[in-house]
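> Each chain is listed here by its residues.
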Amino acid sequence: MAQKNNRRAKIVGTDIEVDITEKKDVIIESHDEDHEHDHHHKETFITKYIFSIDHKMISKQYLITGLIMGIVGIAMSLLFRLQLAWPEESFGVFDVLLGKWATDGVMDPNVYLALVTIHGTIMVFFVLTAGLSGTFSNLLIPLQIGARDMASGFLNMISYWLFFISSAIMIASLFVEAGPAAAGWTIYPPLSALPQAQPGSAAGMTLWLVSMAFFIASSLLAALNYIVTVLNLRTEGMTMTRLPLTVWAFLVTAIIGVVFSSIIICRSITNYG
Amino acid sequence: MTLLLVLTSLILISIAVWQLTKILELSKPVDYENNEIATDKDNDMQGKLMFLFLIFIYGLTIFSFFKYGDVILPESASVHGENYDRLLWFSFSVIFFVQTITQALLHYFAFKYRGNKKRKALFFADSNFLEGVWTIIPTIALAGLILYGLFTWVDIMTIEENDEALVVELYAQQFNWKARYAGEDGVLGDANVRFLQDFDGKNLVGIDPTDRNGDDDIVVQELHLPVNREVVFRIRSQDVLHSAFMPHFRAQMNAVPGMINQFAFIPNTTTQEMRLRPEIVEKVKKINKIRFDKSEELIASGDFPLDPYEFDFLLLCNKICGASHYNMQMKIIVETEEKFNKWIDEQQTFKEFVQ
Amino acid sequence: MDRSFGTSFFLSDIFIQGEVLHYQGGSPVLFEHLFWFLGHPEVYIVLLPALGIASEVISTNARKPIFGYRAMVGSILAIAFLSTIVWGHHMFITGMNPFLGSVFTFTTLLIAIPSAVKAFNYITTIWKGNIQFNPGMLFAIGLVSTFITGGLTGIILGDSALDINLHDTYFVVAHFHLVMGISALYGLFAGVYHWYPRMFGRMMNKNLGYIHFWITAISAYGVFFPMHFVGMAGLPRRYYTNTNFPYFDDVANINVVITLFALLAGAAQLVFLYNFISSMFYGKKSIMNPWRSNTLEWTAPIKHMHGNWPGKIPHVFRWPYDYSKPGSKDDFIPQNVPLKKGEKELQH
Chain A
72 MAQKNNRRAK
82 IVGTDIEVDI
92 TEKKDVIIES
102 HDEDHEHDHH
112 HKETFITKYI
122 FSIDHKMISK
132 QYLITGLIMG
142 IVGIAMSLLF
152 RLQLAWPEES
162 FGVFDVLLGK
172 WATDGVMDPN
182 VYLALVTIHG
192 TIMVFFVLTA
202 GLSGTFSNLL
212 IPLQIGARDM
222 ASGFLNMISY
232 WLFFISSAIM
242 IASLFVEAGP
252 AAAGWTIYPP
262 LSALPQAQPG
272 SAAGMTLWLV
282 SMAFFIASSL
292 LAALNYIVTV
302 LNLRTEGMTM
312 TRLPLTVWAF
322 LVTAIIGVVF
332 SSIIICRSIT
342 NYG
Chain G
18 MTLLLVLTSL
28 ILISIAVWQL
38 TKILELSKPV
48 DYENNEIATD
58 KDNDMQGKLM
68 FLFLIFIYGL
78 TIFSFFKYGD
88 VILPESASVH
98 GENYDRLLWF
108 SFSVIFFVQT
118 ITQALLHYFA
128 FKYRGNKKRK
138 ALFFADSNFL
148 EGVWTIIPTI
158 ALAGLILYGL
168 FTWVDIMTIE
178 ENDEALVVEL
188 YAQQFNWKAR
198 YAGEDGVLGD
208 ANVRFLQDFD
218 GKNLVGIDPT
228 DRNGDDDIVV
238 QELHLPVNRE
248 VVFRIRSQDV
258 LHSAFMPHFR
268 AQMNAVPGMI
278 NQFAFIPNTT
288 TQEMRLRPEI
298 VEKVKKINKI
308 RFDKSEELIA
318 SGDFPLDPYE
328 FDFLLLCNKI
338 CGASHYNMQM
348 KIIVETEEKF
358 NKWIDEQQTF
368 KEFVQ
Chain L
36 MDRSFGTSFF
46 LSDIFIQGEV
56 LHYQGGSPVL
66 FEHLFWFLGH
76 PEVYIVLLPA
86 LGIASEVIST
96 NARKPIFGYR
106 AMVGSILAIA
116 FLSTIVWGHH
126 MFITGMNPFL
136 GSVFTFTTLL
146 IAIPSAVKAF
156 NYITTIWKGN
166 IQFNPGMLFA
176 IGLVSTFITG
186 GLTGIILGDS
196 ALDINLHDTY
206 FVVAHFHLVM
216 GISALYGLFA
226 GVYHWYPRMF
236 GRMMNKNLGY
246 IHFWITAISA
256 YGVFFPMHFV
266 GMAGLPRRYY
276 TNTNFPYFDD
286 VANINVVITL
296 FALLAGAAQL
306 VFLYNFISSM
316 FYGKKSIMNP
326 WRSNTLEWTA
336 PIKHMHGNWP
346 GKIPHVFRWP
356 YDYSKPGSKD
366 DFIPQNVPLK
376 KGEKELQH
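Residue numbers (this note's numbering), protein chains in the order written: chain A, 72 to 344; chain G, 18 to 372; chain L, 36 to 383.
Treat the hints as calculated values from the structure; they're not laboratory data.
The beta-carbon is built from N, C-alpha and C at its ideal position, and this holds for glycine as well.
The reader is advised that the hints may include incorrect statements.
Unchecked claim - Lysine-lysine pairs mimicking PhoX-like chemistry, simulated, CA-CA at most 20 Å apart:
#1 Lys320(L) - Lys135(G)
#2 Lys300(G) - Lys84(G)
#3 Lys338(L) - Lys119(A)
#4 Lys131(A) - Lys360(L)
#5 Lys39(G) - Lys320(L)
#6 Lys360(L) - Lys137(G)
#7 Lys131(A) - Lys338(L)
#8 Lys360(L) - Lys338(L)
To be verified - Distance windows between CB atoms, simulated:
#9 Leu168(A) - Phe80(G): 50 to 58 Å
#10 Lys302(G) - Ile236(A): 54 to 62 Å
#11 Arg246(G) - Gly109(L): 51 to 59 Å
#12 Phe80(G) - Gly109(L): 36 to 44 Å
#13 Leu77(G) - Leu168(A): 18 to 26 Å
#14 Glu299(G) - His383(L): 54 to 62 Å
#15 Glu54(L) - Phe80(G): 50 to 58 Å
#16 Asn303(A) - Gly60(L): 23 to 31 Å
#17 Ala249(A) - Lys219(G): 45 to 53 Å
#18 Glu177(G) - Gln382(L): 30 to 38 Å
As the list claims (entries may be wrong) - Chain G stretches covered by chain L per the calculated footprint, using a threshold of three residues with CB under 8 Å from any CB of chain L:
#19 68–81
#20 139–145
#21 229–238
#22 250–259
#23 264–270
#24 287–297
#25 356–368
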């Protein structure tokens, strides 16, 4: 056989050299040549930044929304911690931020319960589920398994915007006349079901539920996307036992999410529909 | 107007912080090496801080026990409470042991193996033996805790047939408690919220007037219990979820509208005896000192001083129930059998009350 | 339907605001079952991604493979499965049959086993590593630390007998904040610091990252450690004020300490926000693989593109944890590097 000159190349981003003389040693092989069309796809500001179907942009959207909700949630916790440390004292910041719920700067007991409720809801759902799971699942699943994007970029975009709507409704519920939901983030009935039991159980509670309905829809779509992507779109050589543990964690989380989202919808409808 | 001023100041302060940070960055000598990736120097510093953090964790733990240890509930005042306390301290010792060791390992390793260019990590990815060790040992420890816990649970929650037991209903509503004694016949009359509006609102807990057992029931707003006699609580709620929490007796049970929940215990310390316990004496002294200091402030501002405090057992509401959830309590007095009988004879029965 | 159409799924026998309501036969306890059947897996939905992120950040920064890959995967699956059968531990004193209490104590304490396996695996990953203390790594180690502390107090609460006197007190608040509010939140921070170069093509300022971590770590423990004592004093949660109970007057100064630490913690997050926002525009431009990590996301170009890779997608030859593998010049070998002649893939 004629001697071939050994050709070597460095792996991008590292100092590792590999021998690429033989075709079989060339590492980059893929089955999806037809995705080359992307650079012909014209993008407007709207399709690039707002209604993007690119998983990386969506992950950034989740992160930013999650961080903003986190600021609101932490601010609430600081407010009620002030009340707990110096009970029934007058604080200028209560006057400014709580308005009619803090006459003379002293916090009203109803708004205290509303603050702990909304703090819990925001932190558990909007920051830790969406901001943590939503951001990193979206960013990392396609990149770490070697896929071009999520199985359905369109559903991914829908799931983000449902999450956004859910956040907007939750924030809107803060400004309802009788106050936002105030029965604890666990919203046990009868307290949460009867407006006569507590002012926050009227319109505030209804908006809380609507917000959660959108949130669950968002989670469900996102979780379906993650599962399908991990199971079907792994690159050549990426067997399940070569998956990074992050992807395993996101996959299992998504499976739990899909199974249990249906329960919360059922429960919400029976109590509040 | 205030809002505008506050917002403006916040924005101006943020801009100031931003500019200050920029100045700090710019005034540093240009650091071509700094690519925001940790250097050996950083690793060294952070590794040492990790170890110091371990000292902080231990220090905080010990400090908290010394400084705040005295607010923990005193020894229990019920028979099963002793079992409870024993289980609690046993469980705590186990978890404290684990906490001490694992935090030490974590932070010590973080310190010892802080990185530098010369070090090479050990390629050690698997060991069935080690996995076995820390699966089996926690399993054994947890099995022990589970069994001990389950025995205690079954012991506390099993209410044997006992004719001697005092049956008391705890009735929860927004926002107070009422207690109903079964009276001479020892049987509580049937009750439902539908009867609350009878007798011009005098039917305080909704006793069914057609049930003769209810005639001699006694409704009060201060719970008296005879010492060393089992008391079986039937817990009801009028409107929303509440919870009957009696921390000194290690007792808690939700009050659920539409259900009658049961919990039983045997108080073994009278209020008098409890007041004389050294830890309670200390606690009351401490509280009264705080109240005295607070009263001085109040008097100075023209308000009324606070009453001095004397220890009493308490029934608290422990399930969020609305605006005055924080103010739903009932005093519990544990006394000798004679005093209890004398007290209950002085109370009005249902029949007498609604006449 | 209970609210709008007057059904009685969860309501029964209620008298409120001077009138008897018509609901009959429902049970609030049914709601609690339905709520917690989702609610408990929900908190594991919160926690598992954080643990996944910690695995990645710790192994990359320790320059060591994650210890016990199969055990880690197994524990993720075990935790996920067990999380579906523990929901009743939120309901020990709701009046449900005490037998159920026993069942749920048993399953709840079982879930401690895979959690312990994970914690020990993380510690072993760090042992004999070559630890690079990037801010992400600090948060990942902090995650393991608070996960252990919070998880251990969960063992106390999971025991139904002990829950009798601790349910709905500040002890519960301290427990879940340590595991969710601190541990999972650290996961979020670790993820942001670690993957920021991938998301925005720039590096976050590491000194600000260090400041953010240490102030947060100290204040986090400062807030929630004393809170356990408040709970053990018998103070219920969701109380607007404690001044109506002279018995709790001596807890007041603990509340002040907690609040002061909380304010400090809140201020520390401003450092993070500033770092996050300003690095987006002024941060040092990142190289392709700043943390010298093995996983595929670092092989994609810094400038984002649809389809992630120009040309063909990388082909994978090995697991992602070949850090400091003997026989290799570098202390990391990305997944898309083929095996050398004679090199064997680790049987993991």
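> Which earlier hints can't be squared with this structure?
1, 4, 8, 9, 13, 16, 17, 18, 21, 24, 25
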